[in-house]
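If you read the sequences in order, they're chains A and B.
Take the first sequence: its position 254, counted from the start at 1, is 254 in the UniProt record's numbering, and no numbers get skipped.
Take the second sequence: its position 58, counted from the start at 1, is 58 in the UniProt record's numbering, and no numbers get skipped.
Note that these hints are calculated values from the structure, not bench results.
Take every hint as true, because none was put in to throw you off.
Computed far set for chain B versus chain A, every beta-carbon distance over 12 Å:
id: 1; residue: GLY222
id: 2; residue: GLU242
id: 3; residue: PRO260
id: 4; residue: ASP263
id: 5; residue: ASP300
Per label pair, the in silico range of CB-to-CB distance:
id: 6; chain 1: B; residue 1: ASP133; chain 2: A; residue 2: ARG159; range: 43 to 53 Å
id: 7; chain 1: A; residue 1: ARG301; chain 2: B; residue 2: GLY26; range: 39 to 49 Å
id: 8; chain 1: A; residue 1: ASP94; chain 2: B; residue 2: ALA90; range: 34 to 44 Å
id: 9; chain 1: A; residue 1: ASP81; chain 2: B; residue 2: ALA238; range: 37 to 47 Å
id: 10; chain 1: B; residue 1: ASP166; chain 2: A; residue 2: THR125; range: 45 to 55 Å
id: 11; chain 1: A; residue 1: ALA79; chain 2: B; residue 2: GLU261; range: 42 to 52 Å
id: 12; chain 1: B; residue 1: THR125; chain 2: A; residue 2: GLU83; range: 38 to 48 Å
id: 13; chain 1: A; residue 1: ASP94; chain 2: B; residue 2: GLU235; range: 50 to 60 Å
id: 14; chain 1: A; residue 1: ASP127; chain 2: B; residue 2: ALA289; range: 52 to 62 Å
id: 15; chain 1: B; residue 1: THR125; chain 2: A; residue 2: ASP295; range: 55 to 65 Å
id: 16; chain 1: A; residue 1: SER237; chain 2: B; residue 2: GLU110; range: 26 to 36 Å
id: 17; chain 1: B; residue 1: GLU232; chain 2: A; residue 2: ASP94; range: 51 to 61 Å
In this text the structure is predicted, and so the values were computed from the model without any measurement.
Just so you know, even glycine gets a beta-carbon here, dropped at the ideal spot from N, CA and C.
Protein chains: 2
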Amino acid sequence: MNERDALRALAADLPHAGDDAAVVDGTVITTDMLHERTDFPPGTTRYTAGWRAVGASLSDVAATGAAASAAVAVYADEAFDREELERFVAGAVDVCEAVDAEYVGGDLDEHVEFTTATTAIGDVTEDGSVTRDGAAPGDALCVTGEWGRSAAALRLFERGNATDDDEAVERANELFRFTPRVADGLALAGSATAMMDSSDGLARSCHQLAEASGVGIELDRGAVPVHPAVEEVAEDSAERFELAAHFGEDFELLCAVPEPEVDAVREACPAGLTRIGTVVEESGSEVEARVTADDEPLPDRGYTHGDG
Amino acid sequence: MNERDALRALAADLPHAGDDAAVVDGTVITTDMLHERTDFPPGTTRYTAGWRAVGASLSDVAATGAAASAAVAVYADEAFDREELERFVAGAVDVCEAVDAEYVGGDLDEHVEFTTATTAIGDVTEDGSVTRDGAAPGDALCVTGEWGRSAAALRLFERGNATDDDEAVERANELFRFTPRVADGLALAGSATAMMDSSDGLARSCHQLAEASGVGIELDRGAVPVHPAVEEVAEDSAERFELAAHFGEDFELLCAVPEPEVDAVREACPAGLTRIGTVVEESGSEVEARVTADDEPLPDRGYTHGDG
Numbered sequence: 001m002n003e004r005d006a007l008r009a010l011a012a013d014l015p016h017a018g019d020d021a022a023v024v025d026g027t028v029i030t031t032d033m034l035h036e037r038t039d040f041p042p043g044t045t046r047y048t049a050g051w052r053a054v055g056a057s058l059s060d061v062a063a064t065g066a067a068a069s070a071a072v073a074v075y076a077d078e079a080f081d082r083e084e085l086e087r088f089v090a091g092a093v094d095v096c097e098a099v100d101a102e103y104v105g106g107d108l109d110e111h112v113e114f115t116t117a118t119t120a121i122g123d124v125t126e127d128g129s130v131t132r133d134g135a136a137p138g139d140a141l142c143v144t145g146e147w148g149r150s151a152a153a154l155r156l157f158e159r160g161n162a163t164d165d166d167e168a169v170e171r172a173n174e175l176f177r178f179t180p181r182v183a184d185g186l187a188l189a190g191s192a193t194a195m196m197d198s199s200d201g202l203a204r205s206c207h208q209l210a211e212a213s214g215v216g217i218e219l220d221r222g223a224v225p226v227h228p229a230v231e232e233v234a235e236d237s238a239e240r241f242e243l244a245a246h247f248g249e250d251f252e253l254l255c256a257v258p259e260p261e262v263d264a265v266r267e268a269c270p271a272g273l274t275r276i277g278t279v280v281e282e283s284g285s286e287v288e289a290r291v292t293a294d295d296e297p298l299p300d301r302g303y304t305h306g307d308g
Numbered sequence: 001m002n003e004r005d006a007l008r009a010l011a012a013d014l015p016h017a018g019d020d021a022a023v024v025d026g027t028v029i030t031t032d033m034l035h036e037r038t039d040f041p042p043g044t045t046r047y048t049a050g051w052r053a054v055g056a057s058l059s060d061v062a063a064t065g066a067a068a069s070a071a072v073a074v075y076a077d078e079a080f081d082r083e084e085l086e087r088f089v090a091g092a093v094d095v096c097e098a099v100d101a102e103y104v105g106g107d108l109d110e111h112v113e114f115t116t117a118t119t120a121i122g123d124v125t126e127d128g129s130v131t132r133d134g135a136a137p138g139d140a141l142c143v144t145g146e147w148g149r150s151a152a153a154l155r156l157f158e159r160g161n162a163t164d165d166d167e168a169v170e171r172a173n174e175l176f177r178f179t180p181r182v183a184d185g186l187a188l189a190g191s192a193t194a195m196m197d198s199s200d201g202l203a204r205s206c207h208q209l210a211e212a213s214g215v216g217i218e219l220d221r222g223a224v225p226v227h228p229a230v231e232e233v234a235e236d237s238a239e240r241f242e243l244a245a246h247f248g249e250d251f252e253l254l255c256a257v258p259e260p261e262v263d264a265v266r267e268a269c270p271a272g273l274t275r276i277g278t279v280v281e282e283s284g285s286e287v288e289a290r291v292t293a294d295d296e297p298l299p300d301r302g303y304t305h306g307d308g
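Construct the entire structure; sequences and hints are all you get.
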């Protein structure tokens, strides 16, 4: 059973397994595990790792439209280097500060590989919490920020490592330290009918949101806001779209917003809000056709991470 | 740097690093990581692992005197077996139910070894939250439940595995599934001046509580309540005390309670409350003499786990 099938199996048993975070009595809680081999390319500093790992959980809180309040992390490694540990904590503290939350510590564990498990909590506001399943035909499909940032970072890590280019590695680290969209999620909470973060990439996230809401999605490829760093690493527009739509791990928000509210809510989103498509009736035909981009089916796939 | 020194380094930077759990705006949060090689002996079922891992975090909530509300877990393994995953979740759900909390899911991750990271949250009641640092000379030192349970379980796992004794393994699993002392923590919250759970064993926990509170502790060895299962596996009274006081992972509560309140609060503890010693002035001499048992210094050490 792969991870996706396993998650489906779990979803049948647990009320909140399909969403980015669970809500219990007005408190949002979410947890993630990241590890060196798959999540932190060579060159990733411990400061960046702390920022990014805790940021991933804060992003899940953001996706519910809640106010992030605190985060904790388990830091596991073969051995504990004091400077590395302090840098990890500094990254965790700083990403929490960036979203008005508090990093309150965690646990240490000896492990065969650098691994971190992070948890964030938040408070649901009077606007309520948003799930993935409320998108309705006619809603505008919108995203925060710019896409392809993590894809560009990975390419820069690869280039920097291959050519001993410290500047490229430094820039890659900067790109890896995203701001979790908590402020945007709060702004969207009162309007969005469905919302999620984009850890699995735009294409896959669209499929997930469409499936959860029982709708179809029509995307406008040209409307997807691509991060400027993608220009540096992509050779043509097809590769740009590939990196922006399929790579994932950008931790931006994807949401459905009723048409009349789009302009007002856009003003309130510090990361910007771009309309990239429209929610439509479910087609009833092939699952792959549930999401289209410029009238072509958009495959439900992530990016194959460079080693194939 | 070993784990203990690393924790000390962290404690200097983070406000809550010395306690079992952090408190943020009335919400308690705590996180732990456990993995197969060090925490789940061969024979541990996935149901027991789910119960025990989530229970460890609920125990940290209990140690603050808060009401546990929810828990999440990351389940990481080389491959996902549906039945194992479902059993893990069933154990997590059941231990939450045992303390009136809700298991609300989590995350999956591929990992080289079965690893789980658990987080629990809780709500501080009107009695406030309890930390490790408030014990005062004259307080009674008390513990919940009976000690040595996990030590006995480990011996039964070893015996059961060596002799293909399924009953011993089954009993070991039962002993491993402790009830987190949330109800007892809530009963103690209004009275205890200091409280913690006993993940590192009685001796080490006494040292930690004494150090945090700036006091000494005088223990009565004979008063320590020893779990009946220890009788089966220990050869004499010295070994019984060794297993009850130094092994750890019993997840009972250790607390200081003002003398006049001991009898009343004992009535309110479902797991029972036993007075095992007295909080005294800090001796000012050797650190090792901070905690004594029958007037002999009680070493600040855990149990050496069977392999040496």
